[in-house]
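Asks: Okay, here's what each chain looks like letter by letter:
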Amino acid sequence: MAEHSSIHGVVADFDSPDTLLDAVRAARAKGYTKMEAYTPFPIHGIDEAMGAKPSILGYIVLCGSATGFTTAVLLQWWTGTIAYPLVISGKPLFAFEFGFPVMFELTVLLSAFAAVFGMLGLNGLPRLSHPIFNYSGVAGSSDDRFLLVIEASDKKFDANETKDFLASLGAEKLEVVEA
Amino acid sequence: MADLAFDPKAVEQLSPPLVTGQPSLHEVTEAVSIHTEIETHRNWYIALAISGSITLLLGSMLAYLVSTGIGVWGNNNPVGWGWDITNFVFWIGIGHAGTLISAILFLFRQKWRTSINRFAEAMTLFAVACAGIYPLVHVGRPWRAYWLFPIPNADLAMWQNFRSPLLWDVFAVSTYATVSALFWYVGLIPDLAIIRDRAKTQMRHTIYGLLSLGWRGSATHWKNYEKAYMILAGLSTPLVLSVHTIVSFDFAVSIIPGWHTTIFPPYFVAGAIFSGFAMVITLMVIARWVFKVEHLVTMTHLENMNKVILATGTIVGYAYATEFFIAWYSGNEYERFTFINRAMGPYAWAYWSMVSCNVISPQFFWFKKLRTNIPFMFVLSIFVNIGMWFERFVIIATSLHRDYLPSSWGYFRPTIVDILTFFGTFGLFITLFVFFTRFLPIIAVSEVKGMMIQTEHEKHYLPATTSGSSEPVKAH
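So the protein lines, in turn, are chains X and W.
Residue 79 in the working numbering is what sits at position 77 of the first sequence, and the numbering runs on without skipping anything.
Residue 437 in the working numbering is what sits at position 361 of the second sequence, and the numbering runs on without skipping anything.
Just so you know, the hints here were simulated from the structure itself, not pulled from any lab data.
Keep in mind the model is a prediction, meaning the values are calculated, not measured.
There may be inaccurate statements among the hints.
[Stated by the list, open to error] With a straight-line Cα cutoff of 20 Å, these simulated EDC-like cross-link-like pairs (lysine to aspartate or glutamate) come out:
1. W:K276 x X:E50
2. X:K32 x X:E180
3. X:K55 x W:E411
4. X:K36 x X:E50
[Unchecked claim] Part of the chain W face toward chain X, derived, beta carbon under 10 Å:
5. I265
6. I307
7. V319
8. T358
9. L496
10. T531
Beta carbons are placed, not taken as given, at the ideal position from N, Cα and C, and that holds for glycine.
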């Protein structure tokens with residue numbers, strides 16, 4: 003593997019989501035495991051084809067929701083009954099009925115923060131540079147090209163063999179990209 | 077026996093195409109990105125000069141208000157809330173259509189939303205920015221506005237009253253503004269990456285590269301992204317309903333006749349969506365023509381929005397009728413007086429302007445000819461906006477201006493400062509749009525592409541269409 007240390011992987015450039023999906027399935031069948039697809043929009047079924055696990059973002063958001071709700075309850079209870087108890091219009095110092103709007107809003111607010119920053123965190127963003135940007139045709143992957151990269155870290159990876167294999171799947175362009 | 081086979085023509089009639097002219101993926105990228113890349117048009121500077129001047133007017137009016145005091149407005153006793161709260165509710169209501177399109181229609185898998193959601197979400201943000209000015213300055217001493225938030229500080233030495241709907245409103249509106257901004261930005265990330273990848277100069281590449289946070293569109297990215305988008309849509313849906321509900325609590329939780337009614341939350345939400353869709357029509361009719369994206373924002377989109385206007389407008393009309401019925405049926409003489417006064421008192425002119433704009437005008441959209449006529453829908457959408465402004469004004473002014481004792485009766489007249497400030501908020505709204513349409517993709521490119529491919533696939537699964545006859549969307 004030493005000779006591959008400066009190589010990120012082989013990029014295969016496809017012209018439609020269907021050929022990309024077929025290629026992903028073929029690569030999996032061939033035994034490759036370390037691969038990544040780069041596409042202009044989400045391709046349905048690609049995660050299953052790549053054997054990727056579902057996103058765990060939902061659990062992160064759940065933690066955000068719980069934090070938001072708890073904060074709102076404690077905030078209203080503590081400020082109303084401990085820090086500054088003041089009877090207004092004969093209403094109780096704290097009650098879930100009048101506390102509900104703020105509980106709801108803070109739950110939503112912290113869930114949204116968790117969703118956005120959790121998504122960025124799981125995706126490793128923001129990030130200034132990535133080896134895929136060394137590929138000469140990378141701009142196409144946000145336009146109308148569908149890229150499949152078999153990464154050099156894959157046990158089965160061999161620059162020439164992998165390249166030949168990807169060529170057999172109908173890739174219109176192939177390139178070995180530097181890490 | 078009826079012929080049960082699917083006729084492709086009939087299918088197209090049932091679900092008309094959302095993208096016309098069968099552009100390739102690349103052509104879509106091109107159509108949506110080009111306006112951020114070409115040399116700035118002279119008209120852009122003219123538009124910016126006009127809207128910027130109006131924004132400066134807003135700034136000077138606010139400076140005058142803050143340096144002098146709330147007395148420069150027409151607010152008086154008994155009408156303690158005047159145009160400030162009217163305009164606040166007006167602008168926040170307009171924002172609701174954006175969230176409805178981006179979140180609720182997303183959850184309902186309404187594919188037609190993809191061409192208009194970016195634009196509508198931007199409208200939400202800018203409308204909320206305009207709305208936010210009013211609660212901030214109407215407190216009189218805006219440099220103390222942070223007292224609204226539960227921030228421990230020595231100079232206040234007490235805590236907020238969480239029993240007050242006005243404080244709920246602080247939380248609702250600030251959450252709404254924050255979540256709308258996040259939702260909008262998350263949607264923008266992949267499209268900012270498109271602009272980055274198309275950049276011809278190093279500076280553009282760096283700026284859009286930073287803004288897109290290094291997005292690469294990998295399968296892993298999309299997996300987490302789609303999940304995040306779904307969750308944000310799921311969060312925004314109850315959020316948008318809660319915001320106008322809580323805004324209506326500002327009124328409904330009080331004991332003022334004309335405000336103290338349980339119909340307010342649903343009635344306010346319907347009104348908000350009604351006015352917001354009208355504003356989307358007003359802006360979209362102009363934008364699709366200026367930016368030549370008529371093939372992406374098609375008549376189907378406009379017609380669907382007009383149907384929403386018809387539905388919500390009818391709900392609003394029904395709510396007006398219910399209010400009157402309950403005023404009579406409750407037997408409460410103060411309630412009755414308020415409503416009779418509303419329709420026949422000194423503000424009858426405002427009341428009947430509201431009814432004609434909000435109840436009568438949307439009914440024209442029952443006719444397909446009218447709801448697919450662009451000049452007609454443009455004029456009608458402006459009527460709806462005027463009507464919905466009057467609705468808030470009528471609710472506020474007519475309920476307040478005749479207190480229980482005739483000795484405390486009054487009449488609200490706006491001052492020139494009221495009028496110019498409101499006019500100025502339109503300047504701010506349009507200025508923000510002028511910048512948005514110059515520097516950012518106004519259509520969610522990746523979503524439209526995904527929708528095109530998906531539609532193409534669905535066609536293949538329809539039985540009895542000559543399979544394979546329709547050319548799949550090809551990249552070129």
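Asks: Each hint needs a verdict: does it hold in this structure or not?
Replies: For each hint, the structure was consulted:
1. For the hint pairing K276 (chain W) with E50 (chain X), the CA-to-CA distance comes to about 37 Å; that exceeds 20 Å, so the pair is violated.
2. This hinted pair does not check out: K32 (chain X) and E180 (chain X) have alpha carbons roughly 24 Å apart, beyond 20 Å.
3. Between K55 (chain X) and E411 (chain W), the direct Cα distance comes to roughly 60 Å. Violation of the 20 Å bound is thereby established for this hinted pair.
4. Distance check on the hinted pair: K36 (chain X) and E50 (chain X) sit about 14 Å apart at the alpha-carbon level, within 20 Å; holds.
5. Of the supplied interface hints, the one on I265 (chain W) holds, with its beta-carbon coming within about 8 Å of a beta-carbon of chain X, less than 10 Å.
6. Checking I307 (chain W) against chain X by beta carbon gives a least distance of about 5 Å; that is within 10 Å, so the hint holds.
7. The interface hint given for V319 (chain W) is met, as the beta carbon of that residue sits about 9 Å from the closest beta carbon of chain X, less than 10 Å.
8. Checking T358 (chain W) against chain X: minimum C-beta separation of about 29 Å lies over 10 Å; hint violated.
9. For L496 (chain W), the interface hint is violated, the least distance from its beta-carbon to any beta-carbon of chain X being 33 Å, above 10 Å.
10. Taking 10 Å as the C-beta cut-off, the interface hint given for T531 (chain W) is violated, the closest approach to chain X being about 13 Å.
This entry does not satisfy hints 1, 2, 3, 8, 9, 10, going by the numbered hints stated previously.
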